[in-house]
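Spelled out, the chains give:
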Amino acid sequence: MNLTLKIWRQPDAESAGAMHTYQLSDVSPDMSFLEMLDVLNEQLNDKGEDPIAFDSDCREGICGACGLMINGDAHGPEVTTTCQLHMRSFTDGETITIEPWRSDAFPVLKDLVVDRSAFDRIIQQGGFISVNTGSAPEAHSVPVPRDDAMRAFNVATCIGCGACVAACPNGSASLFMGAKITHLGELPQGQPERDSRVVNMVAQHDHEGFGGCTNIGACTAACPKEIPLDVISQLNKDLRTAIKHGH
Amino acid sequence: MKGARASRTTIALKLGMALSGIVFLGFVLAHMYGNLKAFAGHDAFNEYAEHLREIGEPMLPHEGLLWILRVGLIAALVVHVYCAVVLWRRAARARTTKYVVKKQTGATRASLLMRWGGLTILLFLVWHLLNFTIGKVNVQGGATNDPYNLLVDTFDVWWLTLIYIVAMLALGAHLHHGIWSAAQTLGWTGTAAKRQRAKTIGFVIALIVSVGFSLVPLGVLAGIITK
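These protein sequence lines map, in sequence, to chains A and B.
1 is the number of the first residue of the first sequence in our numbering; add one for each residue after it.
1 is the number of the first residue of the second sequence in our numbering; add one for each residue after it.
There may be inaccurate statements among the hints.
[What the hints assert, rightly or not] Beta-carbon label-pair distances, calculated as ranges: (1) Y33/B <-> G246/A: 38 to 46 Å; (2) T108/B <-> H247/A: 27 to 35 Å; (3) E14/A <-> K2/B: 46 to 54 Å; (4) W67/B <-> D147/A: 48 to 56 Å; (5) F128/A <-> I22/B: 34 to 42 Å; (6) S130/A <-> L130/B: 54 to 62 Å; (7) D43/B <-> T241/A: 50 to 58 Å; (8) I129/A <-> L119/B: 38 to 46 Å; (9) H247/A <-> L25/B: 42 to 50 Å.
None of these hints come from the bench; they were simulated from the model.
Just so it is clear, the structure is predicted and the values come from calculations on it, not from any experiment.
Backbone N, C-alpha and C fix where the C-beta goes; we use that ideal spot for every residue, glycine too.
Produce the complete structure using the sequences and hints provided.
Written as structure tokens, this is what we have:
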């Protein structure tokens with residue numbers, strides 16, 4: 001495959017960036033998207049140019065490190081992470097535009113790498129349960145209804161990649177927060193901190209500069225883990241309940 | 001976060017949008033019902049208009065209930081517009097660098113038009129009140145003190161009818177997304193089935209309202225409603 005790549009280049013957080021065009025030939029359709037960028041970077045290295053910076057870690061779709069805006073879709077045209085996207089999803093001769101996540105809460109550090117520590121700070125506000133560490137308690141001592149366990153588990157698959165923010169026209173992180181709120185709120189261990197969790201996480205979300213949700217649904221369409229939109233309903237319900245409880 | 005208050009969050013603003021929106025939904029349904037009285041003829045329509053002013057008498061003064069409702073609607077309008085402006089500004093600040101290429105995968109057109117559509121409805125509202133309530137403008141130069149005749153004179157003019165039809169399309173699109181969005185904001189759509197139901201209800205009500213309102217101007221233009 002021969003491709004024309006339009007890629008955002010930005011030397012560092014302070015400098016202005018711009019789109020650069022690269023030609024890449026002999027790309028195998030079996031390559032992953034990131035392998036294709038690795039090939040491009042080898043060629044740039046050979047020419048003495050600065051390689052394109054992008055995040056990646058596990059390259060098997062479970063860590064949440066990678067994430068690129070590809071032709072206007074977060075993680076590209078398939079429902080998966082960028083590392084699990086393959087070049088067979090594109091056609092020979094295609095022009096592919098690659099941009100970093102665009103959110104003022106995720107500042108660009110270099111080229112396609114953004115700083116997602118805003119998510120970490122949201123998690124620090126309530127994405128946990130407070131228990132004393134020690135020997136693990138007997139798993140069957142706290143029964144959890146199967147449906148609740150399944151829902152908690154399904155939304156716990158959120159890897160915090162930030163695709164929901166990147167895709168959202170409002171730059172909202174509601175799907176991410178909703179996943180965390182639902183994950184912990186469905187389980188008995190999550191109940192004692194349920195009200196303070198939602199209030200603190202949403203307050204931090206707003207403080208970081210993420211936008212408000214307007215229930216468009218672009219987030220869930222972009223989510224590589226297919227987190228459903230009903231977690232945002234749960235998030236709203238939990239916040240409404242917290243208001244009722246005087247928070 | 002120290003001192004975090006639930007009522008100071010973006011979600012509280014969304015709740016403000018949803019609750020004030022529900023007030024408007026009740027209003028447009030009642031308003032549409034009243035408008036359809038035009039098909040019952042001159043006297044039935046005017047009698048209905050007059051009755052609105054007499055409800056609650058003698059306990060309430062003339063136009064008493066009408067003014068209570070109007071104050072409620074104005075309050076809802078202030079809340080709806082205020083929350084929308086704050087959320088719009090937040091969204092603008094959340095992404096100051098735009099994408100070169102951005103697809104709106106998963107989004108309906110109605111959901112992307114909420115803000116501009118809302119602004120269209122607000123502009124229409126100003127004209128509509130000047131036309132029928134505050135200013136009572138009769139572009140044909142006829143009498144303005146007879147609600148039914150003012151209605152017929154207005155919609156006999158094709159471009160006025162056009163303004164109303166465009167406004168009703170904007171209202172339909174706004175309700176189509178707004179009703180489901182309000183249900184989601186209020187936390188009523190916790191499962192895929194409930195989400196689908198809310199979307200269906202939103203679409204059906206939007207269709208009823210936009211078609212129901214449009215029937216009267218179109219009825220005048222088609223000569224079904226005449227003086």
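We went through each hint and held it up to the structure:
At roughly 40 Å, the beta carbons of Y33/B and G246/A sit within the given window of 38 to 46 Å. About 33 Å separates the C-beta atoms of T108/B and H247/A, a value consistent with the hinted range of 27 to 35 Å. Between E14/A and K2/B the beta carbons are some 31 Å apart, a value that contradicts the proposed interval 46 to 54 Å. For the pair W67/B and D147/A, the supplied restraint of 48 to 56 Å holds, since their beta-carbon distance comes to about 50 Å.
For F128/A paired with I22/B, a C-beta distance near 36 Å keeps the hint of 34 to 42 Å intact. Look at S130/A against L130/B: about 59 Å separates their beta carbons, and that is inside 54 to 62 Å. Range check, D43/B to T241/A: Cβ separation about 52 Å, and the 50 to 58 Å hint holds. Our hint of 38 to 46 Å for I129/A and L119/B holds, since their Cβ atoms are close to 44 Å apart.
In this structure, H247/A and L25/B break the distance hint of 42 to 50 Å, their C-beta atoms being roughly 29 Å apart.
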